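Quick note, the sequences are listed as chains Y and B, same order.
Residue 361 in the numbering used here is what sits at position 361 of the first sequence, and the numbering runs on without skipping anything.
Residue 55 in the numbering used here is what sits at position 55 of the second sequence, and the numbering runs on without skipping anything.
Any given hint could turn out to be false.
Here are a few chain Y residues that face chain B, going by a calculated C-beta distance under 7 Å [to be verified]:
{"#": "1", "residue": "Ser501"}
{"#": "2", "residue": "Leu527"}
{"#": "3", "residue": "Leu544"}
{"#": "4", "residue": "Val546"}
{"#": "5", "residue": "Ser547"}
{"#": "6", "residue": "Lys557"}
Derived by calculation from the structure, the hints in this document are not laboratory data.
Just so it is clear, the structure is predicted and the values come from calculations on it, not from any experiment.
Quick reminder that beta carbons are idealized off the backbone N, C-alpha and C, glycines included.
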Amino acid sequence: MSKKRIISIIMLVVLAVGIALAVYGATGVGIYDNAATMLGGDKKAAIGYIQDPSTLTEIGSLDKLGADKVSSFLKGLGLDASKVDAAVDERVKYETAVANSKDRSKFLAYAQSVDESVTEDNLNDLIKDHDKSDPMRAAMAMQELGITDEAQFAKLATNEELLALYKEGLPKLLENGRMTSGVLIQFVGIILIVIALAYFVIQAMDIKPRGKTRAANPKTAKVTTFLLNYALFIILGLILVVVSIIRIDFLSMNNILNILQNASTKGILALGCAGLIVLAGTDLSIGRVLGISAAVTASLVQSTTYASRMYPTIVQPLGAFGLLIPLFASIAIAVAFSLINGFGVAKLHLHAFIVTLGTQLIAYGANCLYIESQPSGTAQALSTFDPTFLNIAAGAIYIGELRIPLVVIYFLVLAAIVWVIWNKTKLGKNMFAVGGNMEAAAVSGVNVAKTIMLVYLLAGVLYGTASFLEAARITSVGANTGLNYELDAISAVVVGGVSFSGGVGTIQGVVIGAVIMQAIVYALQFLGINPYIQYIIRGLIIILAVSIDVRKYIVKK
Amino acid sequence: MELAKRQSEKTFSTDPKQPRRNKLYDKIKDNVSLRTVDLVIIITSVLLVAALVIGIITGKRPQ
């Protein structure tokens with residue numbers, strides 16, 4: 001047996017041990033969950049009770065928790081089994097007696113035995129009169145339990161015996177160290193899994209292609225290539241199919257229009273960003289630039305009846321034409337940032353990643369300062385907008401009963417305009433030339449720097465317009481507005497087929513990408529997936545899209 | 001045309017032995033095999049599906 005094979009077998013064992021330890025460790029970590037179940041409360045409260053059992057004042061009903069489970073949980077904590085059995089039995093009997101006293105027919109029979117005047121007809125009056133019925137129910141339960149002493153019954157009601165056992169047992173969870181060791185064992189397991197997987201991945205790099213086997217199955221190779229090239233769309237389609245099956249209302253017209261509405265502002269950002277990616281660049285400042293442009297828009301369109309508005313000197317509503325001022329102001333701010341990015345890339349030959357990272361921070365800082373400069377002296381979000389602004393930027397038109405948001409129409413119009421710029425103008429042709437091969441474009445007489453600046457300018461105009469519309473859509477603009485929007489825009493562009501290698505992309509692809517990405521975000525929310533897992537999924541989608549893009553590039557070359 | 005060529009030569013390297021590589025994907029192409037990229041696609045796809053399954057299992061859907 002070769003040395004390599006022996007190591008592979010050892011690594012398989014390491015992997016198996018790692019998985020086993022991770023699973024075993026997880027059971028130890030799960031004690032908190034188990035304790036929470038056994039206390040009939042949530043995990044947070046259970047942690048508090050375990051750390052300070054004196055704060056525990058009540059336990060859930062044994063009927064719901066399961067008497068056997070509680071009994072084995074307490075015994076598992078090392079408590080005296082006979083004591084546990086006695087306390088649990090006593091509690092079960094008490095709960096049964098109390099439940100019987102609440103049973104209408106049983107209570108009627110008891111009430112008639114102690115008071116002949118009680119009949120089926122006047123039972124309801126007796127039940128409503130708690131001053132009379134409650135002591136009667138307690139007496140009934142006491143009779144069933146064979147207790148005459150009220151103090152003893154009160155002791156049963158407060159569940160003292162069982163509470164004392166819980167208080168004695170819970171600290172043992174920490175004493176026996178199983179929780180701590182559970183965490184550590186879990187991590188040891190994870191480390192072993194990573195080591196084994198790393199080994200196998202590295203080994204996989206070394207495997208030489210087996211010419212005969214690969215060449216002998218051209219059909220398999222074709223299917224494999226298809227699956228690799230379309231992996232992203234297969235998975236995204238799968239998500240949409242799964243969510244449509246689990247939640248049939250996902251495909252309702254209202255929902256589809258909501259998806260389109262939310263995709264529109266992100267789509268406009270993606271239209272701007274797509275041009276930069278065609279130039280083989282990127283833009284990490286999109287979100288924060290949108291934040292400051294939206295803040296400027298918001299400050300200019302606040303209702304004149306709102307006392308805490310940013311500019312109290314604006315006393316007349318702006319009106320439909322007046323709204324051009326906040327629109328152009330928003331565009332001006334976004335264009336200013338875009339031109340800084342463009343200058344850095346075109347003239348200083350800096351990497352777009354670095355320049356836009358810098359402007360992202362600048363835009364964020366400027367936005368925070370702007371919002372903090374409100375006359376009220378607080379950093380509260382800018383809200384309460386003029387109705388005309390909301391009607392124009394976030395309104396809707398009706399076709400029959402169908403409500404079509406205006407922002408969707410704006411998005412489609414802008415997409416059409418950008419399509420014309422990309423496909424029918426000199427700028428568009430130069431952009432693809434520069435993105436495809438900068439050297440060749442320069443030799444052919446294309447002014448590379450000017451082209452880059454113009455594409456950044458176009459992106460700025462689109463960001464500014466998107467900011468104006470987004471302010472109306474979210475109706476409140478704060479310091480965190482725009483956070484992570486660049487991820488949505490870039491992922492929409494990449495999913496839409498624009499290549500990071502530059503020189504490749506279509507506007508229709510970007511529009512479809514924006515809608516697909518928004519539909520996925522909606523689908524994940526519909527499935528109730530944890531928001532943090534949603535971030536992981538979106539990150540993986542971007543990596544997958546770029547990997548497929550790289551694959552296509554390598555195959556092409 | 002000559003001006004453009006001179007500008008281009010000024011901007012980009014003209015050493016034929018070491019042509020300027022300003023494309024990220026060219027660098028990837030030179031250093032990474034197709035097999036490795038396929039492996040990355042497969043691993044990412046598996047992770048994506050795993051994240052989705054975990055998300056759906058642990059998800060709290062509003063009733």
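The hints, checked one at a time:
1. Ser501: With a closest approach of 4 Å, the Ser501/Y hint holds.
2. Leu527: holds (5 Å)
3. Leu544: Because about 5 Å separates Leu544/Y from the closest Cβ in chain B, which is inside the 7 Å limit, the hint holds.
4. Val546: violated (9 Å)
5. Ser547: Status holds, d = 5 Å.
6. Lys557: Holds, because the Cβ-Cβ distance from Lys557/Y to chain B comes to roughly 6 Å (cut-off 7 Å).
Taken one by one, the earlier hints fail for this structure only at number 4.
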